[in-house]
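Protein chains in written order, with the numbering used here: chain Y, 705 to 1079; chain R, 6 to 231; chain S, 203 to 484.
By construction, these hints were calculated from the structure, which means they are not laboratory data.
Some hints could be false.
Keeping only pairs whose Cα atoms sit at most 25 Å apart, straight-line, the calculated SDA-like set for lysine to any residue is [claimed, not checked]:
| hint | chain 1 | residue 1 | chain 2 | residue 2 |
| --- | --- | --- | --- | --- |
| 1 | Y | K923 | S | M382 |
| 2 | Y | K738 | Y | W779 |
| 3 | Y | K923 | S | A418 |
| 4 | Y | K1003 | R | D224 |
| 5 | Y | K738 | R | D24 |
| 6 | Y | K876 | S | R416 |
| 7 | Y | K1003 | R | A219 |
| 8 | Y | K923 | S | R384 |
| 9 | R | K155 | Y | V1073 |
| 10 | R | K72 | R | P115 |
Non-contacting residues of chain Y with respect to chain S, defined by C-beta distances greater than 12 Å in every case (computed) [to be verified]:
| hint | residue |
| --- | --- |
| 11 | Q759 |
| 12 | S843 |
| 13 | G872 |
| 14 | R894 |
| 15 | G1072 |
Built from N, CA and C at the ideal position, the CB exists for glycine as well.
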Amino acid sequence: MALVRNWQLGRDMSYWYPEARPTRQFAAVFDINKCIACQTCTLACKTTWTSGRGQEYMLWNNVESKPYGFYPLAWDVRLLDMLGAQRWEGSRYAGRTLFEAAPAGERVLGWRPDDLDYAHPNVGEDDCFGRIDRGAALSLPHAAWFFYLARICNHCTYPACLASCPRGSIYKRPEDGIVLVDQGRCRGYRECVKACPYKKVFFNPSTGTSEKCIACYPKIEQGEQPQCFVNCIGKIRLAGFVSVPEKARPDNPIDYLVHVRKVALPLFPQFGLEPNVYYIPPVHVPLPYLEQLFGPAVKGAVETYRRAPEDADLAGLLALFGSSQQVMPRWKRLGDTVLGLSEDGRELVRVPLREPVYVRAALDSVRGVVRTNVP
Amino acid sequence: MTDQIAVLFGPFGDIYRRDRRSPWVGEGYVDINPDDARELGIDDGDYVWIDSDPSDRPFRGWQKDRKNAAFSRLLCRARYYPGTPRGVTRMWFNMYGATPGSHEGHTTRPDGLARNPRTGYQAMFRSGSHQSATRGWLKPTWMTDSLVRKGLFGQEIGKGFLPDVHCPTGAPRESIVRITRAEPGGLEGKGRWRPVELGLRPRYESEAMRRYLAGGFIDAGTGKEG
Amino acid sequence: MRKILAALLAAAACGCGSRPAPPLPEVIAFPRAALPDGPKDPAWTPVPAHVASLLLQDLVEPRQLTATTAALAVQAVHDGSRLALRLSWADPTVDDLPGASRFVDACAVQFPTVVTPDLPAPQMGEAGRPVTITAWRASWQASVDGRPDDITALYPRAHPDHYPFAAPSLPAGSAAQQAMERRYAPARALGNVMEGPRMSAVEDLVADGPGTLRTAPQQFSRGEGRRTADGWAVQLVRPLPDGVGPGRRGAVAFAVWEGSHQEAGARKMRTGWIPLAIREGP
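Can you build the whole structure from these sequences, using the hints too?
Structure (structure tokens):
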């Protein structure tokens, strides 16, 4: 057992292994406000990686509606109930992490899903909290609300899966912090399945080993964003690398959103894993639920995001989402143009701050006909 | 639609089809206001019959044609949907409806898959479809094989049957219906649908779920907000 | 406990009408001209058993804190070069079907790899003092008995539309088809077949401390497990351990996993070291 620093908690905490941060940490920002739950990401991952025997039920990437959706069933509400109510004191977490709350004989507070908990992966789709009565109208925040939460493995800095494996079959790559299950070493004990709070390790009953999201590491190694990122219709995702707060660079897109503007937040930071997928929270959802998911910085994040139309830098960076197959470790805005850059400053892509709008005349004067809106 | 998309279509998907009654890995369902459902004695996840004016639906003369009535009466899952006002239910219109062949598969295969044994057509309903409750409008002046018309794609001019011309156009949208409980939603017809039993569904929330909805597992020290 | 012991003795005796022999204080391997064919072979009936009380594995995390299987009956015979063990225990549920959250019944026997005055730590040995383990799994047995390598064997109503390696463009059994199949089963591509098609229901392993378990370079054991009236009986056959021949003494330990209690790895019931005597005989 060691004492490690978890910047998301604003304090040190216990972890099974000593602090050993990778050279670069793979990270992502997902803008929840743009997700339409088309599930293209889910299918992109599935057709790439989990189309084998025993993998049929696995959704390394999934999109669930909140608050009534879960995959597997009850994954978050059950763990929150086990952990009990906890609290923050400002930006410092005053509660217990899953490691600190581990019961006797265990390294992590966790639970095993039942086989049946993997059924109904899209339960709760579009189910709103609250009622829609005749004549209902909505203001912000919505009285009747739901949103879509797209989830992959968070490639945590302090993975519960890694800590829980008695054989050390899970490792975190030193070059990019991607967390992987060694398929040659795993013997299918499924301590990782029990320990991961996000339930993003899955047992393959056909091979007898456990499998998980690999952050499309062969693509990352070639400077390309993962499958679920580049196939996203809504362009809600951006892949990159996150730094610890004191090393944050404003010209690093992830650092800018997470550390500089504080508009992208980790999912369930209170569990203590320092997850590395960061979410821009949905602006229409009441704060208590959001604080339970993302911590106390949610209020500021929502306010910042709502001012984005007047914030050229923030709006500009958001325009880079979904603009390139390549990972963009750097970025900058030049007036009304936003550039995605390589590590050494080469231009990878450029996008306009605002999409140009062209209005075509209804009358085609050459042919003397009125254009109608049919294909 | 492949199975991996179908399993995400609505809340009832199960890629391993652990409930034998399920026509496929995903299935048809009706969105119903929870209070309406409660008054009708229907639990979330139950199978329900949806019937419309019996004078001509699911088809004229169905009372005397048992065989075809069997495959065409609408049987689907009920889904508690808080997002609809009282009195208004809704159903997707693009799910693969039941056919005589799919119904044969569903009732004769040991695994209960609603798949036509000869053509492989896969239905998302055990029987019926939303069309069981609606009327189609045909265009009688075009119902001839000698009609000259443009092809579906491109610019070819031809004659004879073409789906976009000879089939009912548009999807008939609305109907007054009666919804009655058919079978319990629990696995193999016993008890309630599992997410209901786990206290995760609207109107069935467990204490933990209610706390979760209110954000009660975290005190962020920000006071009453939102 | 007495009821369980009596039941185990009855199971050990195959209920074949003969009176069960009194239990032994340690594991004794009796000399025989020929080894039994399998756990149901009537030749086992007159062989006395050592009934070991099973302990919680509460030495290393994750720890087993709730006791499940209470006792294990062990019978042993040898033919001068090979040792046959018959392990039997009560288990009302048949757990031989792996699933996303389904665990399977299993048992294992452990010997010190090298005979030394001090025994290795009983929980998987220790650095410098390895142990040799032979493990049997109910799901491996099912595979050997003919369970197909198909998802419908695990989930009977599964009906996947498509696997990339089942595409019509890849002739079945061709190099390209097999490569595609391995691509979607990286564990199998690495030769790590924890579930799936097996030639044997047992595996020989070595370990030198918790978390170090690995497949042994040589596979020298055979094994077969069968259901009994109230549980499992597993016969394991392996060469007599080095240095533990006829007339010699050694040590042996056992472990049992109850699938319905989600036991795997360190979550198990086990014994400490039990003395093992190889009887000399005609």
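Enumerated hints in conflict with the structure, sorted upward: The structure breaks hints 3, 5, 11, 13, 14; every other hint is satisfied.
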